[in-house]
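A.B. asks: Using the sequences plus the hints, can you model the full thing?
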Amino acid sequence: MDFTLSDDRQALVDVLGRFIRERYTLALRHKASQDAPGHDQATWQQLAEIGVIGALFDEEFGGFAGSPYDLIAIFETLGHGLVSEPVMPVLMAGTILEQARPDLLEDIIAGQSIVVPALFEAGGRYDHTIIQTRAVNTGSGFTLDGSKAVVAHAEAANALIVSATDESGSAGLYLVPTDAEGVFIRGYPGNDGSRAAEISLTNVALDEGARLGDIALADAAIAKGRLALCAEALGIAEWLKTATLDYLKTRVQFGKPIGSNQALQHRMVEMVVRIEQMRSAVINAAAAMDGNGGGTDTTARDRAISAAKYTVGNNGIEVAEESIQMHGGIGMTMELDMTHFARRAVLIDHQLGDADHHLASYIASAAAA
Amino acid sequence: MDFTLSDDRQALVDVLGRFIRERYTLALRHKASQDAPGHDQATWQQLAEIGVIGALFDEEFGGFAGSPYDLIAIFETLGHGLVSEPVMPVLMAGTILEQARPDLLEDIIAGQSIVVPALFEAGGRYDHTIIQTRAVNTGSGFTLDGSKAVVAHAEAANALIVSATDESGSAGLYLVPTDAEGVFIRGYPGNDGSRAAEISLTNVALDEGARLGDIALADAAIAKGRLALCAEALGIAEWLKTATLDYLKTRVQFGKPIGSNQALQHRMVEMVVRIEQMRSAVINAAAAMDGNGGGTDTTARDRAISAAKYTVGNNGIEVAEESIQMHGGIGMTMELDMTHFARRAVLIDHQLGDADHHLASYIASAAAA
Amino acid sequence: MDLSFSPEEQAFRDEVRDFLKSELPARLSDKVRTGKHLDKAEIEEWQAILSRKGWLAPHWPKEYGGQGWSVVQRYLYDIETSQAHAPHVVPFGLSMLAPVLIAFGSQEQKDHWLPRMLNGDDWWCQGYSEPGAGSDLANVRTAAIRDGDEYVVNGQKTWTTLGQHANMMFCLVRTDTDGPRQQGISFLLVDMEAPGVEVRPIITLDGGHEVNEVFFTDVRVPAENLVGEEGRGWTYAKYLLTYERTSMAAIGSSKAGLAWLKSIARAEMANGKPLIEDALFAARLARVEIELANLETTTLRVVASAAQGGAPGAESSILKIKGSEIRQEISSLARRAIGPYAQPFPPEIDVEGSNEPAIGPDYAGVITPNYLNLRKLTIFGGSNEIQKNIISKAVLGL
Amino acid sequence: MDLSFSPEEQAFRDEVRDFLKSELPARLSDKVRTGKHLDKAEIEEWQAILSRKGWLAPHWPKEYGGQGWSVVQRYLYDIETSQAHAPHVVPFGLSMLAPVLIAFGSQEQKDHWLPRMLNGDDWWCQGYSEPGAGSDLANVRTAAIRDGDEYVVNGQKTWTTLGQHANMMFCLVRTDTDGPRQQGISFLLVDMEAPGVEVRPIITLDGGHEVNEVFFTDVRVPAENLVGEEGRGWTYAKYLLTYERTSMAAIGSSKAGLAWLKSIARAEMANGKPLIEDALFAARLARVEIELANLETTTLRVVASAAQGGAPGAESSILKIKGSEIRQEISSLARRAIGPYAQPFPPEIDVEGSNEPAIGPDYAGVITPNYLNLRKLTIFGGSNEIQKNIISKAVLGL
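Residue numbers (the working numbering), protein chains in the order written: chain A, 1 to 369; chain B, 370 to 738; chain C, 739 to 1136; chain D, 1137 to 1534.
It is possible that some hints are incorrect.
As the list claims (entries may be wrong) - 27 Å max Cα-Cα, derived BS3-like pairs, lysine-lysine: (1) B/K618 - D/K1529; (2) B/K625 - A/K249; (3) B/K610 - B/K625; (4) A/K256 - B/K618; (5) C/K848 - C/K800; (6) A/K31 - C/K774; (7) B/K625 - D/K1374.
To be clear, the hints were calculated from the coordinates, so they are not data collected in a lab.
All values reported here derive from a predicted model rather than from experimental measurement.
C.D. replies: Have a look at this one:
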């Protein structure tokens, strides 16, 4: 039993952490979210160079890490820096491509290509198996029609992985270049300052090789995406804790630091307990994924991930709301860094299933077990 | 809009309150719960004399009050004194007898006769329509076979009102003298120090007049019973608040009253807010019942009662647990009066449907509306 | 006990309903209902309608042009206007300054300012909070030095709601730095268009511009703009803070918000059925609905007690605590209800008067900003922590 | 990172499981599993079995007859014994006094008392708390006055768990009333059968008798029963309070309790289906199950850190807070699960050794008393409020 990071992993996290502290500012992030591509391209290049993208994937595919423990270490660090780069979408897309098109990973790892998944639709809420997008086999390829909802970092991508149902009712995944005719991407900033887009597909013609495989290919990608979000949320919560604690110690009211108020002290302790539980939930999810790396029994993995996403969603929002509350008026303003962390802490719950969704999944899975 | 009590009602409450303070001790209560009849017969006589039993019923039936506002005023006062007398069961039984056998009310109001309802069974949880007890029409009367669960104050009663299903599948109510052959009453003290019993009915022969009517007769009685419990719980919570506040002011730890701890102050405020909400919920339920006194639209009444029972159950338990916690070690002991109030505050939620049950009822009723 | 309203009160409620039905433009109530922000012209449009009816300051005594409504009438009016999604009247002049002027102002001040309020001539803002003087108002440091017939004001105010629209501010300034902090504070009326006044927007975490910082650099204010006595501003501010607080329960807003939330929960689908039928969501909805029904009666109890002459004191802190919690919970549930569409930042906030089509369901855009904006409810107007301290001291004696 | 246990640790776990399978009498584990109280003879029976195996004090250093287990082994042992529903070993001598004797006792004291503990010769109880000295232990007032070779003890202890069975007590007494309160406290071993010792039961709100008041009237205690130095008792007590606290998470007990709760929720019917399928109940169950799985890993992280030499300090307060909350929640859900049958007070508590049939389902009787009894978890062992103060100070620096 060992909860410490391996030397390699620790080294990567240290490099990434230092890079964020020294080079990645919130000003950069705010600027990037104002328009396409919605992230800072120089940052992306540097993330590739220090090996962050490669660390998402196994050596077999040209990466050099890729274990669930690598993922949580990286994403916690990204969360702690509120980095709004397409790392999570690329992790998800790359996980699908590992199985379907491993040849594409080299450019992705090098930061030359960005592929993101577009798996959810407006009517589907958090269920990626509800698909209205249609694929028609034309003999020499496919045409796609439909739309995709709230696709993170779509404007940054040169290709999307789109789910669609064909004439036989079978759902599959398709690789769609973003410059293909009929692809319309309506980008927008999010309430958390990261960027996403609505995508419409009108008679989009694809060649034969575009079909990557069955929708089931998305399962592992979604699981990893969720794990990544959990770790990111943990990093954000840790940052919020430190900032709020610092504020309690320095802000003076009625002639004494507000942290001398016992009522706030006890609430701060509750925040700390919540965050320890978040960390454990993330570790549990990584361990369950690690244990199911090769197998086909994904039930335990998905249950642990739902437990983690539930824990992180619930506690993360509570941490955010308490951070705002304890900061008082200043916590309501955009000028404070804290506010941006808090907004992301809330909105991250709305990606890949919120706390309610995952509590229900957990219950259903426990009942089935 | 007037939230004050009428002069008559205030006078009754004053008399009852004074009687409790001067004559009804917890020692009396503890002693009574040790064995049958499970209450203090002298107290019961005095309650009758000062008009408490009469105040449960309308003039039409020999009483002199009986409105929902009368009920909440009386039961709040009883709760505040932790009175463990069969007032609530008699209210319920009397409400049924008003329709079916008004001639029996005179003796009840005089304190000469105690009739209690036995409407719930072991497999039925909080649903009185799940009835395994069978009634067979013998031509000259009925025989009853079955059992009833957790019947409050059954040992004190000279008759029970028992629900049973006949050969045609129709559920009805039957008046069963407790001394009838085949009636076995197994009494026990409750975890809240009030007394109840399991009842078994083996080939109990009743005469023709024993059938009081359809099970639907029980609806108004159950509604009134729930309202009474809500008001009782409010009275208990008020007592707990006063006692806990007093303890916070007088108990010294680390050289100062524990009430000087801001964390406890804020929790005490939350308790106060909860109790204000309990009071409002009880008033809402009484108002809804008042508005439906003559009509047949009982949906609004039942929804308001479910809202109240949910509020009171949830908040009452929280008040009890916080009272124990803030008392610390001494709050764990039977020697403190507080403990007995707290136990009743918890266990009262298990009578006539707990907070979960009533939240579900509320939702179902809102969906139907 | 009698929870019904008297025939007179019911007739009054009918009158309010009729008025709203005929006079409230659907254009405005639609915006309010769906959580959109109103611009200055729209707010003034509605205030002009009320002014014509004589209902812009109905809570004022009749002698000053009010209707002299009872607390019950005011409660009914609040509920009805909220449920009809009428715009909120800007309260700073009408509800916050006016009571102080009526109680402590000179005859000249009353004669000058009150009719202008009823006529909508001025847009008032409040200058209490400063950096370092939020919950701890006695810490006010903005200085007003007497210089002949004028005060010279230097300092900074913050959290000035809608200050960007205001031409006048009533504020607390320090006229004396000796003695206890509460002394030496005065109550001053400042022309926002005077030289040396600078208003800078504060963008709040919902991305909106509702509050401002206001900087004073050698701003000259006529001495006749001092309200009451020099050094007694703290007393006047306290008076204001305890005046009329049952509205803090915000029953009407919460009821309107809950109705809107339910319509959204009926439209959203989750696991193949309307979200409102999801057991866990339905339970949360029911809990807040029950809490709100309870709080409405709690509020009525305070109103009834006030109607019988009992002054709503620290009990109003209970209303503030629970009322703000309920409104926040409703806004959280709305955010949760819309699922992934909580994320897009609505274009109408991004670009004023944008005509871009909505992203996702048309109701979705404003919901997350509204959730974020309403975090303020437990912070401003005396944070809920301060309210708990007040109850602890004043009601519980701890 | 590697969350698996080493092959040696797994082998150890198997050994514990085998031992429990072959040696733990079902008669005892059935009682524990269903929440029944064990009597003195039953506890001693199990302790004798452990003693024979050498596992009565496995956490002791080998030189004193322990097994010198690692923290991981101790954690595994705790989990396995709890999940097998083994009776709890009475900790007062073995886990609370022994570490103090080993660290601070004289050679004679070690030679005399430790082997007797391993042999089960003494039943120890703890005499710390007094009326007025609960959370504030420095307030101890029980006086021990030196008189030749003896101390004369007068005063009162309270909350003495299982004191009715004990023949020995270790306690804090005041040997000096001058100076700071923490000084002047000494650590003394008292023979409970000595003249002047009186034990009076405290009946707790579950109706059970687990704790006692102990009165000392001119009790003469040999001076050799003083542990360490006079006046340093506070230091020794502190040492004890910070020693071995990861067990406060009570993971094993909560796991066993949760499994029991689920079996009850499968048996109980609500609205025509098993309660465990009720959406709201299932959600509560899932929430506490997830919290428990999280806390298990939080505990393992503290254990792992301790195994690498990091002393579990204030982090153990986190385990205590969350662990007690989880156990209480499980006990609340069990009470809720049994519906109306939460009410009957079980006859087996009323009459010791009663053979009356159960009232309601056979699992129901103990549930409400258990719920009530477990209210103590957030009060005793340093109340959760005290734990929060500790974390606030020691971890957060507030």
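A.B. asks: Compare the structure with the hints numbered earlier in the document and write down the numbers of the violated ones, lowest to highest.
C.D. replies: none
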